Amino acid sequence: MYIDIRKEDFQISQELEKFESSSKTDAAISLFIGKVRAEENLISLNLDCYPDMAVREILNIAENAKKKWQIHNLTVIHRFGELLPGENIVFVITSSDHRTDCQEATQYIMDYLKNNAPFWKKEVYKNRSMWVEQKQEDIERMERWED
Amino acid sequence: MKIKYFAWVAEIIDKREEEIKVPDHVTDVKSLINFLCTMGESYEAAFANRKQIKFAINQKLSRSNAKITNNDEVAFFPPMTGG
Chain H
1 MYIDIRKEDF QISQELEKFE SSSKTDAAIS LFIGKVRAEE NLISLNLDCY
51 PDMAVREILN IAENAKKKWQ IHNLTVIHRF GELLPGENIV FVITSSDHRT
101 DCQEATQYIM DYLKNNAPFW KKEVYKNRSM WVEQKQEDIE RMERWED
Chain A
1 MKIKYFAWVA EIIDKREEEI KVPDHVTDVK SLINFLCTMG ESYEAAFANR
51 KQIKFAINQK LSRSNAKITN NDEVAFFPPM TGG
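For the record, the sequence lines run as chains H and A. Per the numbering used here, the first sequence runs over residues 1 to 147. Per the numbering used here, the second sequence runs over residues 1 to 83.
Calculated directly from the structure, the hints in this document are not laboratory data. Please read these numbers as outputs of a predicted model, since none were measured by experiment. Careful: at least some of the hints might be erroneous.
[As the list claims (entries may be wrong)] Stretch by stretch, here's where chain H covers chain A in the computed footprint (C-beta under 8 Å, at least three residues):
(1) 32-40
(2) 59-72
(3) 75-82
The C-beta atom is built at its ideal place from N, Cα and C for all residues, glycine as well.
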């Protein structure tokens, strides 16, 4: 398990290669990459973060995913700071013996991460900026996993 | 007690963190918020809509009646929007 909270960008191909080389015996890999939407007039997306808690909370989410599905390996990278349109925000990858385990685990991690990991997005436009509000739809997506 | 603020809570209070010695009657998050609101208008403004504020004690999401001491780290922030 590898969790990294960072300001710097990451290279998708490098991270994928690293993960793949440490998951050689797994038959299935599921990957999600979240990027800054290239919205009209958006200058940047500024992510505030509580790093110590973020590591702890993502570890907790990952541990719960491992209890629910047969996941052998997983990596979560989440950036914070000033991100430009098109840049990477988050990278979640899991591996397992069967596709359903890793596909569902990846979705589960993202659904919980959106609502429970301490990151806050602020959209910065030319003449204004606004904090993104939590969406009811995101809460419902997370709640569907509850037993 | 170390107190941290994030996102718009930090902007309104105009601080990211501070160290405060809280009085004895502050024993949980609810009483801490009441105490902070006596420290100035910016605190009152930040905590005006308490339903919009989440908090963590020692990096763990907590309830408002969770007990706290001067050795704890308490953080206040709006609902998360990561991912």
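- Does the segment 59-72 of chain A contain three or more residues whose Cβ lies closer than 8 Å to a Cβ of chain H? holds (count 3)
- Outcome, coverage of the segment 32-40 of chain A by chain H - at least 3 residues whose beta-carbon is closer than 8 Å to one in that chain: violated (count 0)
- Item | Verdict on chain H covering the segment 75-82 of chain A, where coverage means 3 or more residues with a C-beta closer than 8 Å | holds (count 7)
Consistency note: the structure conflicts with earlier hint 1 alone.
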